[in-house]
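Participant: Here is how the chains run, residue by residue.
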Amino acid sequence: MKLRARLAVTLGLAAISLLVLLGWAQSRWQSKMRVDALAEAAVHRMESGGRERCEANPERWPGDRGARRLRRPPGPPRQRVPRHRVFAYDANFVSANTDSPAFPSKLAKQLNAGSDVATDRSPDQRRTEIAVRMPWNEGPCSVLLMRSKGPPPWFSGAVLMPAFLVALVVILVALFAAGPIVRRVRQLTDSVRRLGSESEEPIQVEGNDEIAELGVAFEQSRQTIQAQLASLREREAALRNYIANTTHDVMLPLSVLQGHLVSLQQRIEGGDALGAEAILPSLEESQYLGSLLHNLNAAARLDANEGLSHQDPIDLNRVVERVVDRHQPIAKRKQIGLELAVPETPIEFPGDLTLLEQALGNIVQNAIRYNRADGHVAVILEGSAKKWTLRVVDDGPGISHADRERVVEPSFRGSEARTRHPHGMGLGLHIASDVAKRHGLRLELRDTDGGGLTVELIHAG
Amino acid sequence: MSNRILLVEDDVSLGQQVVQTLSQAGFDPHWVQDGDAARDLDPDDYRVIVLDLMLPGTYGMDLLKRYRVKSEVPVLILSARDDTADKIRGLKLGADDYVTKPFFPEELVARIQACLRRPNLVGTERLVVGAIQVDLERREGSNSAGALSLTPVEFEILALLARRKGSAVTREALVDAALDPAQDGSRRTLDVHISRLRSKLGKDAIQLETVWGIGYRLSGNA
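Sequences listed follow chains A and B, in order. Each residue of the first sequence is one higher than the one before, starting from 1238 at the first, in the numbering used here. Each residue of the second sequence is one higher than the one before, starting from 462 at the first, in the numbering used here.
Note that these hints are calculated values from the structure, not bench results. Treat the hints loosely; a few may be bogus.
[Stated by the list, open to error] Not everything, but these chain B residues come out facing chain A in the computed CB check (under 10 Å):
#1 PHE565
#2 GLU568
#3 ALA620
#4 ARG624
#5 ASP641
[Stated by the list, open to error] Computed list of lysine-lysine pairs in DSS-like fashion (alpha-carbon distance at most 25 Å, straight line):
#6 A:LYS1571 <-> A:LYS1624
#7 A:LYS1569 <-> B:LYS626
#8 B:LYS562 <-> A:LYS1569
Every residue gets a Cβ at the ideal spot worked out from N, C-alpha and C, and that includes glycine.
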């Protein structure tokens, strides 16, 4: 049901209910007043000579006229005494006048129960019958029965018709008055319906009432949804970009790996006697692939968070051991000595375990990857929880002073970091630098005594 | 129990590789492919448990919790997920270490050996490293030829290296532990003391290795 019709029906039903209730109350009140007036008038009539006349000639009283108009009792006017007929009865409700009707049993029951006035409607509901016990309880005129035309019952056209007329007027007024409200609600509906479309129109509803407030609430929601949609679109674009970059980054070493494997196959088919070292480039490439994926994952996490998502106490001794164990197989195959030294008392440091391990892994991997056969790499953790240094020393070719600042910029976003060193130091050291910065560590590059590069992660305390 | 190792890993290829690697390294691997099957095993029947997290049936973390209720056996987690929360949760639940996939077989063996080595690191009164013995209480050292006549500095150097058996010790740590900084506490002086110590060790000096970039190590291999 539409708003306008619902409003009209609701108001109409409310009006009908109220008016019917009022009609019923008024009807009840009028009946009571009528009975009181008749009873008072009957007593007054009998006390002012009526009793004597009745008892003198009870067989004919009240005479031929049948219907009499009682005189109003003295005092302030209260209620007009309606036209009625009156009959006299003795205390046993027997009339000496043969024209009198039989005394109604319901009224007799009420008087016997102790009431002085009893009232009832006639069986056809058209007349009101009132019985009044006189102050004396003897003689043929000790009880009067009066019959008069009754007031209309409350559930009758006379009472209900005005109610229905008023209700009709109310409904018409409601239909008319609801027009502007309905128009504004429709305007709001149209605005909300347009939300999903390309239109960026704001939701506007005139006025200063609840509908206008609803419009403001919708407008606020629209702005929030628009902002979230924009953020989602940005994320989707970033994800697409990430997948594209990752695919590119992974395809390159994968192609190199495939190339190594094809070359191995051709050499085997050509009858070459291959040594164990022939497989080394493929192994190195496969390890690089794994490390690259971890780096891309780390880059995505660093990109997504400003700070650190984890701050758990980390056993740095274990981190060093794990990283060295992880790179030992490749180092051995490349005949590079990879050693570690950690303090006797483990050093704990709050941070992100995965990122710190990845950062150190990148530094160690670079130290091995760019070193010569028979070269050396040493990973040394020194100090205490308050102040420590994690040093990766190698005797490889090092990095020129001009390049040092650039490779440790804590930025790996965009394609520059990848394309600059697509197959090596770029992303790994950038991530190491970013991770160091987020952990409040200093990353320093310097020459190793006797040649090579020393990379230090310093917690100055 | 000997060298029995429980491997809980659902991937057949990886499981076969790990079983082969562990067997070659001298361990006796027992491979279970299903989390539910691993639930009812007694962890104390094994020296180390290698546990994959993503398993069919029971999740690896739940197995870890179950094992930890009744056993202190070292548990090494195998994780393909590069997720810090998973690793930290595993360590908090009582895992001793983890290895992230992909890994070289040697890496896994090294981590298992590290798990087995760890409880033995805490000190005893008498340290034995190959042919070299150090009595910490009496402050005496000996080698395959008999008792060594060591200066206090040489004893401190040998004791520290023996305590860290098989691990490289930095020159700085040796200088701090053995030399008086007010007199001759320099790295050059340390090299002189090491040289003298080596000559006293005679043919066992081969155990006292120089570690490039770090310092020295007392190796158990004579």
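Participant: Tell me, in ascending order, the numbers of any earlier hints that this structure violates.
Facilitator: 3, 5, 6
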